[in-house]
Every structure is written in structure tokens, then in C-alpha cells.
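Protein chains: 2
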Amino acid sequence: MALNIIDIAKLAGVSKSTVSRYLNNGYVSVEARDKIKKVLDETGFTPQRQAKGMRTKKTNLIGVIVPKISSETPSRVVEGITEILSPNGYDILIANTNLSIEKELEYLNIFKSNQVDGIIFMATKVMEKHIEVIKSLEVPIVVVAQDVKDCSSVYFNEFQATEDITNYLIKKGHKKIGYIGVYEEDKAVGLYRKQAYINTLKNNNIEINYDNIKIGNFEEKSGYILAKEIMEGTDVPTAIVAVTDNLALGAIEYLIENKYRVPEDIAVVGMGDSKTARVITPKLTTIHYHYKTAGRKSAEIMLSKLDNEKKESVVEKVKLDCLLVERNSV
Amino acid sequence: MALNIIDIAKLAGVSKSTVSRYLNNGYVSVEARDKIKKVLDETGFTPQRQAKGMRTKKTNLIGVIVPKISSETPSRVVEGITEILSPNGYDILIANTNLSIEKELEYLNIFKSNQVDGIIFMATKVMEKHIEVIKSLEVPIVVVAQDVKDCSSVYFNEFQATEDITNYLIKKGHKKIGYIGVYEEDKAVGLYRKQAYINTLKNNNIEINYDNIKIGNFEEKSGYILAKEIMEGTDVPTAIVAVTDNLALGAIEYLIENKYRVPEDIAVVGMGDSKTARVITPKLTTIHYHYKTAGRKSAEIMLSKLDNEKKESVVEKVKLDCLLVERNSV
Numbered sequence: 001m002a003l004n005i006i007d008i009a010k011l012a013g014v015s016k017s018t019v020s021r022y023l024n025n026g027y028v029s030v031e032a033r034d035k036i037k038k039v040l041d042e043t044g045f046t047p048q049r050q051a052k053g054m055r056t057k058k059t060n061l062i063g064v065i066v067p068k069i070s071s072e073t074p075s076r077v078v079e080g081i082t083e084i085l086s087p088n089g090y091d092i093l094i095a096n097t098n099l100s101i102e103k104e105l106e107y108l109n110i111f112k113s114n115q116v117d118g119i120i121f122m123a124t125k126v127m128e129k130h131i132e133v134i135k136s137l138e139v140p141i142v143v144v145a146q147d148v149k150d151c152s153s154v155y156f157n158e159f160q161a162t163e164d165i166t167n168y169l170i171k172k173g174h175k176k177i178g179y180i181g182v183y184e185e186d187k188a189v190g191l192y193r194k195q196a197y198i199n200t201l202k203n204n205n206i207e208i209n210y211d212n213i214k215i216g217n218f219e220e221k222s223g224y225i226l227a228k229e230i231m232e233g234t235d236v237p238t239a240i241v242a243v244t245d246n247l248a249l250g251a252i253e254y255l256i257e258n259k260y261r262v263p264e265d266i267a268v269v270g271m272g273d274s275k276t277a278r279v280i281t282p283k284l285t286t287i288h289y290h291y292k293t294a295g296r297k298s299a300e301i302m303l304s305k306l307d308n309e310k311k312e313s314v315v316e317k318v319k320l321d322c323l324l325v326e327r328n329s330v
Numbered sequence: 001m002a003l004n005i006i007d008i009a010k011l012a013g014v015s016k017s018t019v020s021r022y023l024n025n026g027y028v029s030v031e032a033r034d035k036i037k038k039v040l041d042e043t044g045f046t047p048q049r050q051a052k053g054m055r056t057k058k059t060n061l062i063g064v065i066v067p068k069i070s071s072e073t074p075s076r077v078v079e080g081i082t083e084i085l086s087p088n089g090y091d092i093l094i095a096n097t098n099l100s101i102e103k104e105l106e107y108l109n110i111f112k113s114n115q116v117d118g119i120i121f122m123a124t125k126v127m128e129k130h131i132e133v134i135k136s137l138e139v140p141i142v143v144v145a146q147d148v149k150d151c152s153s154v155y156f157n158e159f160q161a162t163e164d165i166t167n168y169l170i171k172k173g174h175k176k177i178g179y180i181g182v183y184e185e186d187k188a189v190g191l192y193r194k195q196a197y198i199n200t201l202k203n204n205n206i207e208i209n210y211d212n213i214k215i216g217n218f219e220e221k222s223g224y225i226l227a228k229e230i231m232e233g234t235d236v237p238t239a240i241v242a243v244t245d246n247l248a249l250g251a252i253e254y255l256i257e258n259k260y261r262v263p264e265d266i267a268v269v270g271m272g273d274s275k276t277a278r279v280i281t282p283k284l285t286t287i288h289y290h291y292k293t294a295g296r297k298s299a300e301i302m303l304s305k306l307d308n309e310k311k312e313s314v315v316e317k318v319k320l321d322c323l324l325v326e327r328n329s330v
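Sequences listed follow chains H and R, in order. Sequential numbering of the first sequence, starting at 1, is according to UniProt numbering. Sequential numbering of the second sequence, starting at 1, is according to UniProt numbering.
Excised from the complex, chain H in its bound form:
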């Protein structure tokens, strides 16, 4: 009989993660160290994993690269990642890129050379440069929020999400529906959501007015400016699809400032189901993305990669459907 980490943790009255760190020569308090040593000495058993032979360089750290620490999405993903990795004895180091591609490449390389055991990369624009660096990595990587070729990825069904919210507006009687989006280099948010929006209108035989399709960046202000452009146009819509809640907030701010009633004069929907979406007036109709679940899934894939002694490069893809959340902005 061989003890596993869970057994030792129970007997010593410490967490699984503490035992793991002890076995990997990581930081453990003197107190905990004594308790664990006592259990190992008394039982005389060698822990299973230990016995199998460890990678010598194991750090028990996973690097997590996020696009913008100040936005809610990454923090929900990180929450999910932590929930899975922490009880398995891994700590995480977070790198914030502020949506800069240069910083993303930099951090991929920092983690490559700073001995983390694996990298979870929450991606936005994925360029050829990223692929090159990713291919050169010696540790496993999982990408979140974009589907990257030849790379284990956890991402969302952007087509289903955007179809659902656009169809919802159409069912509510809207025929003129404007669109506030972001640059297409971000395939998930920029390209696929736009394609799905256009397809849904086409499938419903609604003529598309390209003047009411506006593209900006992720800032709330962008939603404000683009709503202004739409409302000052010649063919004002009765509803607007914004591809993020933040953009929807900016749009609503403009509309309310300019005496439009939401939703009576114009309906606005967002995507993402942020905390703010739930507390503004009117409460925002939006799409719930399972960000925390995506974080959990990415961590589970990472664990299976780390446990895979032969390091077979199995490419795993997880696509998550999204949920329409009806509130008061339509």
C-alpha cells in the first residue's frame, strides 16, 4: 500500500497543497513541516507520486497571462483556475498584458525562462508571432477564450451566443438593429460575433445597414462614441447589439444623457454578464459567459498535461455554450 497526498494531508491535518509543496521542496511553515514529517516517519510509507520519480525542475507554479487585470472577465477566469489548481498543490503567478501583444510575447518568454510548470494564456489577438513562441515552449500551455490551432484551448461558442441575443431582439419585434463591435484581430469578440450578427439578420431576411455597424475598442468610452455616431445617422435603429457589457454601458450612458429612454426608445443588449450589468438602471439584458468554468476547464486540462509522464501532446478543445440573460434593457 502506498500513501497518496490526500492521505498524508488528512493524517497530518494540513492541506493537500501544503503536502505537495513539502514533497517538492517548496515553502512550508515549520509547524506544517513537522506535522508532515511526523506522518511520513510514523507510517514509513513513501508517497506514490514521489516514488515514481519527479521532474527535477518542478516549481509547482503555473503562469497565467491575462489581457487586462482591471476587467472582470480575467478575474473570473483566474478564480476558476485557482479553484482547481490550489488544492492540487499549484500556485499561480499572474501576468497582466494590458492588451499589448508585445507584453504577451514578453511574458510567454519570461514564464518560459522562469521555470513555471505550465502556462495558461488568456488570449485576445493571436498573431503568427504568438504561434512561434508557443511552439518553442518547453512547458505545456492551455489557451483560454480563443481557439488556437494545434493548441489545447477552452473557448466559447461565439456564434451561438451572438445568434441568441440577435434573435431575441428580432423576436421582440426589432427590424433595425445596430451593432457596436471591436477590431477583428480579436477573432472571438471581433470577428465571430460580427459574422454571427450579420448571418442572423440575413437568416431573418433583414436588410443590413452597414452604416449602423460600428467598430471600436474595449473601452466604455468607445461604446459612448459609437452610440452617438449611430444615433446621429440617417437611419436610426430601434435596438443595438454591443459585443461587451462595457460597450453597452457606454452606449446607454450616451443615450440617457441625450434623453433617449432605454428600452422604450431604443433597446440595448450587451454580452458578458458583468457585475455592473446587474446593478445599472435599466438592468442589462446580456449573454452569460461561463468564465469561471472556462478557468476550471483550462486548469483541469493543465493538470492532465502535467500528470502525463510521457508528455504526449494531446490537443484538447473545449467549447462552451453561453446563456441568454433577460433583464430590462429590451
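Just so you know, these hints were derived from the structure itself, not from any lab. No experiment lies behind these values; they were computed from the predicted model shown. Here a beta-carbon is modelled for each residue, glycine too, at the ideal position from N, C-alpha and C. Mixed in with the good hints there might be a few duds.
To be verified - Simulated restraints, written as ranges between beta carbons of each label pair:
(1) H:Ser-304 - R:Glu-102: 23 to 31 Å
(2) R:Asn-157 - H:Asn-199: 52 to 60 Å
(3) R:Glu-132 - H:Pro-87: 44 to 52 Å
(4) R:Glu-138 - H:Ser-29: 45 to 53 Å
(5) H:Gly-233 - R:Glu-185: 54 to 62 Å
(6) H:Asn-157 - R:Asn-203: 56 to 64 Å
(7) R:Asn-204 - H:Asn-157: 53 to 61 Å
(8) R:Asp-211 - H:Val-30: 39 to 47 Å
(9) H:Glu-83 - R:Glu-232: 31 to 39 Å
Said to hold, decoys possible - Pulled from the structure, derived: some chain R residues nowhere near chain H, Cβ distances all over 10 Å:
(10) Lys-10
(11) Arg-21
(12) Lys-37
(13) Arg-76
(14) Ile-94
(15) His-130
(16) Leu-137
(17) Gly-173
(18) Lys-175
(19) Phe-218
(20) Glu-232
(21) Glu-300
(22) Leu-306
(23) Ser-313
(24) Lys-319
Stated by the list, open to error - Think about it this way: if two alpha-carbon atoms lie no more than 30 Å apart in a straight line, the pair counts; the simulated DSSO-like pairs of lysine-lysine are:
(25) H:Lys-292 - R:Lys-68
(26) H:Lys-275 - R:Lys-68
(27) H:Lys-112 - R:Lys-305
(28) H:Lys-68 - R:Lys-38
(29) R:Lys-259 - H:Lys-259
(30) H:Lys-221 - R:Lys-68
(31) R:Lys-125 - H:Lys-292
(32) R:Lys-187 - R:Lys-221
(33) R:Lys-275 - H:Lys-275
(34) R:Lys-187 - H:Lys-58
(35) R:Lys-112 - H:Lys-112
(36) R:Lys-37 - H:Lys-129
(37) H:Lys-129 - R:Lys-38
(38) R:Lys-112 - H:Lys-58
Put chain R on the given structure of chain H with help from the hints.
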């Protein structure tokens, strides 16, 4: 004449941080590497800093430990830190402790052994254990949000902040003012704000009803529950001071659900000036904390510590005043 990093960056047409990484053997793209090498070769100059002799272990990484990545405060602090460190050639690695003391100690030790050049520690409860680990560090540390003895710290004038918001309620005619706070182990938020609240009432000859002083944790739900306890008491106040915006939100949620009008039936103030505070109805009267500035200041102190070749342990303290923000919840 010796070139400095800024000169080289200008001549090579790359960022200062790229040059710094080049000089410290960090990651630089092939393109940038060529440009920088060309400048150095052509000018024949040795960069100043380089010439002085570098620490051999320099990683150009600063570890930043935050209590809760999903809350707004740390992300504003990190924004300020990045604003200063990034153009000076430093990248940051963020560790999220989820308010766990064990995790804080763990990450202090991880950074200690994973070769960062310095640590910025956004603290909550500071216990004897923290002080021990901090004393054992071989790299400089700056603490944010708490004033830690013998340690460079950037923190807020909690007394001024709480006095201002309590006095504001008193000036508006309130004589029965309840209080929703947090545990006193968090000195800045738990202890000092409570002391300042009590002192302000005393200074205004207002009798203190200890039944209306409620202590919970940082969760929004805690604000909800404690507001319920206050409103179900025998001596219901006309105003409530909540020590964070999140607690105020929870309190307002309870009040509105139970048909109290805010502020007509009961006024509620928060502290922190979060994004949500600005968009809820009624907009929350609160105290603005200069979190971004605190991040900037901590980074500036860190830079001066890193530049200090003799490593003199100058203890620097920066205390920042806070700003009353009048909105519609009083």
C-alpha cells in the same frame, strides 16, 4: 559622454523596457535585438548603468502580492505600479492570495526564492508571521494599504477619511448613525475606520449605540445581512456608514428589497469609490481613495530602492489623504 537607456531606446526606435531587457539578457525579439546591437556597435558607447556593474541576479521582475484579484482596488493599484515600472524596464508578476494569510506567506516565500528583484505587498491583516518573513527577505519590499513598522509603506489617512464621511452625515442632520465594518485584524479598514467613526460621534456629542455597530467580512452579502440586523433592531438609525462600497451595496440591496427609500428613509455611505458606486441608483456617496496613486508611489519607492547601489535600508512612509465624493445616497 555615456549613453543612458533612454538614448539607446530613441536611437534604436524601441522602448526603454526593451533596451533594459536586452542589457539584462532578458527576452527581446530578434528584430529589436538587431536594432539595439546596431546602435551600440555604431556609437561604441557603453551604457552607463551597465558600466557601473550590475547585480548578477537581476531579473527585471517585481512580484506584486494582492489580496483579491476580483475586486477593483488591487487592479487600480496594479495599474499605478505598471505605469511606473513598465517604462523603467520592469515587468511584474502578480500573486493573488484570496485574503488568505497562509497564501500571503507562501507567495512572499515564492518570490523570495524565485528571483524577483523586489516585492510590492498589498496587505490586509499584518501578523507577526508576516513581519518575520519580511525581515528575512533579501530583496526590497514596499507595503501598500497598511502602515507596517520598520517597512516602507504607502497607505491612506483612514482617520481623515472616516471623519470626513461621518461629519458629512452629521452636517446633513443625522444623529443616529449605524456602522457596518470588518474585523479589526485589518487595521486600516477594520480598526482605524471604526475608531475614527466612534471618535467623530464623540466629538459631536452624539451618544454611541453599540447595538448599531456591526462587524462582518468584505463580502457584499455581509452588508446585506448586517443592514438587516440594524433595521430589525430596537433603535433604528437614519444613516449607515459602511466601510467599503461593496458593503454599502449589500446594505442598499437589503433596504430597497424591504421597501426603504434611500436616502429618504435612510442614508447610506460607502468608502472606496468603486465603479459600481457610480452606476447604481441612487449613486453612492463615498470616499475616493487614490489607489492608482498609491500604486505609483509604491513603484517609485521600489525604483529608488533598486537604484540604491549601497542598499541602505531607508524606510519611507507615504500617507495619502482621501476625498469625499458627494452623490445621491445621503
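Results for each hint:
{"no.": "1", "hint": "H:Ser-304 - R:Glu-102: 23 to 31 Å", "in the structure": "holds, 27 Å"}
{"no.": "2", "hint": "R:Asn-157 - H:Asn-199: 52 to 60 Å", "in the structure": "holds, 56 Å"}
{"no.": "3", "hint": "R:Glu-132 - H:Pro-87: 44 to 52 Å", "in the structure": "violated, 26 Å"}
{"no.": "4", "hint": "R:Glu-138 - H:Ser-29: 45 to 53 Å", "in the structure": "violated, 19 Å"}
{"no.": "5", "hint": "H:Gly-233 - R:Glu-185: 54 to 62 Å", "in the structure": "holds, 57 Å"}
{"no.": "6", "hint": "H:Asn-157 - R:Asn-203: 56 to 64 Å", "in the structure": "holds, 60 Å"}
{"no.": "7", "hint": "R:Asn-204 - H:Asn-157: 53 to 61 Å", "in the structure": "holds, 59 Å"}
{"no.": "8", "hint": "R:Asp-211 - H:Val-30: 39 to 47 Å", "in the structure": "holds, 43 Å"}
{"no.": "9", "hint": "H:Glu-83 - R:Glu-232: 31 to 39 Å", "in the structure": "holds, 35 Å"}
{"no.": "10", "hint": "Lys-10", "in the structure": "holds, 17 Å"}
{"no.": "11", "hint": "Arg-21", "in the structure": "violated, 8 Å"}
{"no.": "12", "hint": "Lys-37", "in the structure": "holds, 18 Å"}
{"no.": "13", "hint": "Arg-76", "in the structure": "violated, 7 Å"}
{"no.": "14", "hint": "Ile-94", "in the structure": "violated, 4 Å"}
{"no.": "15", "hint": "His-130", "in the structure": "holds, 12 Å"}
{"no.": "16", "hint": "Leu-137", "in the structure": "holds, 13 Å"}
{"no.": "17", "hint": "Gly-173", "in the structure": "holds, 27 Å"}
{"no.": "18", "hint": "Lys-175", "in the structure": "holds, 30 Å"}
{"no.": "19", "hint": "Phe-218", "in the structure": "holds, 15 Å"}
{"no.": "20", "hint": "Glu-232", "in the structure": "holds, 24 Å"}
{"no.": "21", "hint": "Glu-300", "in the structure": "holds, 19 Å"}
{"no.": "22", "hint": "Leu-306", "in the structure": "holds, 18 Å"}
{"no.": "23", "hint": "Ser-313", "in the structure": "holds, 24 Å"}
{"no.": "24", "hint": "Lys-319", "in the structure": "holds, 25 Å"}
{"no.": "25", "hint": "H:Lys-292 - R:Lys-68", "in the structure": "holds, 15 Å"}
{"no.": "26", "hint": "H:Lys-275 - R:Lys-68", "in the structure": "holds, 16 Å"}
{"no.": "27", "hint": "H:Lys-112 - R:Lys-305", "in the structure": "holds, 28 Å"}
{"no.": "28", "hint": "H:Lys-68 - R:Lys-38", "in the structure": "violated, 34 Å"}
{"no.": "29", "hint": "R:Lys-259 - H:Lys-259", "in the structure": "holds, 28 Å"}
{"no.": "30", "hint": "H:Lys-221 - R:Lys-68", "in the structure": "holds, 26 Å"}
{"no.": "31", "hint": "R:Lys-125 - H:Lys-292", "in the structure": "holds, 27 Å"}
{"no.": "32", "hint": "R:Lys-187 - R:Lys-221", "in the structure": "holds, 22 Å"}
{"no.": "33", "hint": "R:Lys-275 - H:Lys-275", "in the structure": "holds, 10 Å"}
{"no.": "34", "hint": "R:Lys-187 - H:Lys-58", "in the structure": "violated, 37 Å"}
{"no.": "35", "hint": "R:Lys-112 - H:Lys-112", "in the structure": "holds, 19 Å"}
{"no.": "36", "hint": "R:Lys-37 - H:Lys-129", "in the structure": "holds, 21 Å"}
{"no.": "37", "hint": "H:Lys-129 - R:Lys-38", "in the structure": "holds, 23 Å"}
{"no.": "38", "hint": "R:Lys-112 - H:Lys-58", "in the structure": "holds, 17 Å"}
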